[in-house]
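**Student:** Fit chain V to the given chain Z structure using the hints.
2 protein chains.
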Amino acid sequence: MLQHAEIIAIGSELLTPDRLDTNSLFLTERLNSIGIEVELKTIVGDNEERLEQVAREAVKRSALVIATGGLGPTEDDVTKKVFARVLKRQMVLDDQILERIKARFRRRGLEMPANNARQALVPVGGRILDNPAGTAPGLWMEPEGRHVILLPGPPPELKPMFEECCLPRLAELAGGVRLFKQVFKATGITESSLDERIAPIYVKYKNPVTTILASPGEVQIHLTGRGRSEEEARKIVTELADKIEFELGDLIFSRGEENLEQIVGYYLMMREMTLAVAESCTGGLVAQRITSVPGSSSYFLTGVTCYSNRSKIDLAGIPPLVIEMSGAVSAEVAKGLAEGIRLKTGATLGLGITGVAGPAGGSVEKPVGLVHIALSMDSSLDHQELRLAGDRERIRLWASQAALDMVRRKLI
Amino acid sequence: MLQHAEIIAIGSELLTPDRLDTNSLFLTERLNSIGIEVELKTIVGDNEERLEQVAREAVKRSALVIATGGLGPTEDDVTKKVFARVLKRQMVLDDQILERIKARFRRRGLEMPANNARQALVPVGGRILDNPAGTAPGLWMEPEGRHVILLPGPPPELKPMFEECCLPRLAELAGGVRLFKQVFKATGITESSLDERIAPIYVKYKNPVTTILASPGEVQIHLTGRGRSEEEARKIVTELADKIEFELGDLIFSRGEENLEQIVGYYLMMREMTLAVAESCTGGLVAQRITSVPGSSSYFLTGVTCYSNRSKIDLAGIPPLVIEMSGAVSAEVAKGLAEGIRLKTGATLGLGITGVAGPAGGSVEKPVGLVHIALSMDSSLDHQELRLAGDRERIRLWASQAALDMVRRKLI
Chain Z
13 MLQHAEIIAI GSELLTPDRL DTNSLFLTER LNSIGIEVEL KTIVGDNEER LEQVAREAVK
73 RSALVIATGG LGPTEDDVTK KVFARVLKRQ MVLDDQILER IKARFRRRGL EMPANNARQA
133 LVPVGGRILD NPAGTAPGLW MEPEGRHVIL LPGPPPELKP MFEECCLPRL AELAGGVRLF
193 KQVFKATGIT ESSLDERIAP IYVKYKNPVT TILASPGEVQ IHLTGRGRSE EEARKIVTEL
253 ADKIEFELGD LIFSRGEENL EQIVGYYLMM REMTLAVAES CTGGLVAQRI TSVPGSSSYF
313 LTGVTCYSNR SKIDLAGIPP LVIEMSGAVS AEVAKGLAEG IRLKTGATLG LGITGVAGPA
373 GGSVEKPVGL VHIALSMDSS LDHQELRLAG DRERIRLWAS QAALDMVRRK LI
Chain V
13 MLQHAEIIAI GSELLTPDRL DTNSLFLTER LNSIGIEVEL KTIVGDNEER LEQVAREAVK
73 RSALVIATGG LGPTEDDVTK KVFARVLKRQ MVLDDQILER IKARFRRRGL EMPANNARQA
133 LVPVGGRILD NPAGTAPGLW MEPEGRHVIL LPGPPPELKP MFEECCLPRL AELAGGVRLF
193 KQVFKATGIT ESSLDERIAP IYVKYKNPVT TILASPGEVQ IHLTGRGRSE EEARKIVTEL
253 ADKIEFELGD LIFSRGEENL EQIVGYYLMM REMTLAVAES CTGGLVAQRI TSVPGSSSYF
313 LTGVTCYSNR SKIDLAGIPP LVIEMSGAVS AEVAKGLAEG IRLKTGATLG LGITGVAGPA
373 GGSVEKPVGL VHIALSMDSS LDHQELRLAG DRERIRLWAS QAALDMVRRK LI
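From first to last, the protein sequence lines are chains Z and V.
Sequential numbering of the first sequence, starting at 13, is according to the numbering used here.
Sequential numbering of the second sequence, starting at 13, is according to the numbering used here.
Next up, chain Z with everything else stripped away, as it sits in the complex (with noise of 0.2 Å):
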């Protein structure tokens, strides 16, 4: 039964300070999804003798090697004919390859250069995997009941050939253990008190598997359960799954893909209502989230990016005399700000945000970090401030995420 895969990268540009393979991460992921573990990454520039090497010793020591890249059509693309040094195994012309070859640059008007035909040279006895969209097609090997995979580095190549050609059968192989995810995504609570929170109850299990990870303003609850089949797994996922939500409520804002924009997005199109944003510190960043959605302008009349105090006078109404009394980072102009702008526009909702993001700008009574944020709806204003720790970035990113989440808990 097939429980581990090593995956090895090809490539020299893997080997530069810009880029990273990324593959492996989809391939992880379908894998685990299967109960495949991947227990080895190589990343191996164009080099015939160095691949060669890896090669030979992950064939040796892995049930499962799974190859990205070096498929191409010139002299450094270098895969197949390594592999198939290594598994002894003769190259062959495949005439139906060739065929599809010069087909795919007929329907391009284009005659196919001579360098193409080496795609079409393959180890005897490898079964071919088909690849709609490019010229490399991809190839199963079985040596002595172990199993290579050589497929073609360009992500939309791979991805459609894994998932189409190799997963179904892999997942036979793997004994039909059938993996399910769910993710839960929370605001508002740190990740040492969310985990405080929910640890007594998934340290109780050891299938699913609970994994915690947090970015500014949000912590992602990852829950993965093996089972006998996709049920099955589900089942085991959904009673610890149900334990966790019971106790965290509405920190949990998503239970699957969605971010907190598209979620806002849903409420404010469920309740017919509209939304204006005046901001300060986060110069546009809440704005241009909220229409990072498709549909959002159903919702969204404006923003304003307040950052002189005039434009906090100007646009969205707010009396010069508070400014001149609370300052501009203060209680009462992201009150100002949130009133005001839902006023101006006509929206259901208003929402204002004013802090110091630094790295200058700060003081001992308003230091950086400090965030104030309104939101305006018919009679009532509420209004938080916080206290956020490190730079520019993270201070806005969320600040924003704190807006964000105002506006969702007014709709819930």
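What the hints contain is simulated information worked out from the structure, not anything from laboratory work.
Be a bit skeptical, because a hint or two may be false.
Copies of the same chain look alike in the list, so a pair counts if it works inside one copy or between any two.
As a list, the in silico DSSO-like pairs of lysine-lysine whose alpha-carbon atoms are at most 27 Å apart [what the hints assert, rightly or not]: (1) Lys171 / Lys114; (2) Lys247 / Lys356; (3) Lys72 / Lys93; (4) Lys356 / Lys422; (5) Lys72 / Lys100; (6) Lys193 / Lys114; (7) Lys378 / Lys193; (8) Lys218 / Lys193.
**Tutor:** Coordinates of chain V only, in the frame set by chain Z:
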């Protein structure tokens, strides 16, 4: 003379779908800068047996092996133990390290947990690398003229340790070869047109090496030269750099690490000018980018995200008739936004952007990707029409880049 290295990243979290080894990017960049290339990277979990295999192969084949991670105080941190075994060295307790770890805890008013004593166990004959940022010291061993360096996994510990304790000596061992790198960032041109213009120049040079990288609205040119001193390497790069700069002229907006919003900020500050933005399809992205730069409050007055027609009328003072006659996505509205926001805020420059970001909302005359940008200053009112390809995110990013570049060109 050291010319090649291999890197081993250790940690089971690096074999999940959520995490990549990024330390190797830093190490590769630093190693490249002294003329050492990375030939192989391996990522392995906290698994003694697998790590031992990998370490044994690495020490056999490479003159320089750098391993990162697995030096922590817990049971699953096995790096030192495994390398001691591979290099046939005994582990001994180093009193000096033990004392330093204890002192570190004392300074925080804590007693050292028993676990941490493990961090003071080191293989005999290794050179200890100090870790001012953490408890795990690094280690440099030299078995038979080869070099094996063990570094802690957390980047804030690894980076200064490598920079201070490793790089100078490695530079010597690499025979004093020095690399010098020059980056150009260009915009307003596609990758292929840029390459067509500069390929005839750079193909004549094997040293420096030229690499071209593209992202939406930006093309980067990396020149890396190799010499026996930094001066020589710099000279080698400068010769080619000058020719490329002459060819591309003001398509180049940056000769270093600065991004376009920083460059725009420099120009505005230098000319003591102010900017205001009225944006529709970019939804606050332009304001957010400008305000991501520390100190931007001195030149950025106001941004408005005019998502509704009413906000275009109210906030930027566009006559309703213009929207009715030309439509919200039109040269007229872009011009109206630019001029309106400038007059309303008293800024030196007013920038207006409107377009169809998609995926919905396109038509035959006004397809997804159509973007109008206008820039108003005194009596001048410039306008630009773009037809961009790609998804919502790409179109917004590209449009924001083109808008910022319009400001830059006005101020050159």
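**Student:** The structure should be examined with respect to each hint, and the outcome stated for every one.
**Tutor:** These are the hints, each one checked on the structure:
With identical chains, the CA atoms of Lys171 and Lys114 are at most 27 Å apart within one copy only, with a shortest distance of 23 Å there and 50 Å across copies. With identical chains, the CA atoms of Lys247 and Lys356 are never at most 27 Å apart, being 50 Å at best within one copy and 60 Å at best between copies. Taking the shortest alpha-carbon separations for Lys72 and Lys93, both the intra-copy value of 18 Å and the inter-copy value of 25 Å come in at or below 27 Å. Proximity of Lys356 to Lys422 under the C-alpha cut-off of 27 Å is restricted to the intra-copy arrangement: shortest distance 21 Å within a copy versus 33 Å between copies.
Proximity of Lys72 to Lys100 under the C-alpha cut-off of 27 Å is found in both arrangements, the shortest distances being 13 Å within a copy and 24 Å between copies. For a Cα distance limit of 27 Å, the shortest separation of Lys193 from Lys114 qualifies neither inside one copy, at 42 Å, nor across copies, at 42 Å. For a Cα distance limit of 27 Å, the shortest separation of Lys378 from Lys193 qualifies neither inside one copy, at 43 Å, nor across copies, at 42 Å. For the identical chains of this complex, Lys218 and Lys193 are intra-copy neighbours only, at 14 Å inside a copy versus 50 Å across copies, given an alpha-carbon limit of 27 Å.
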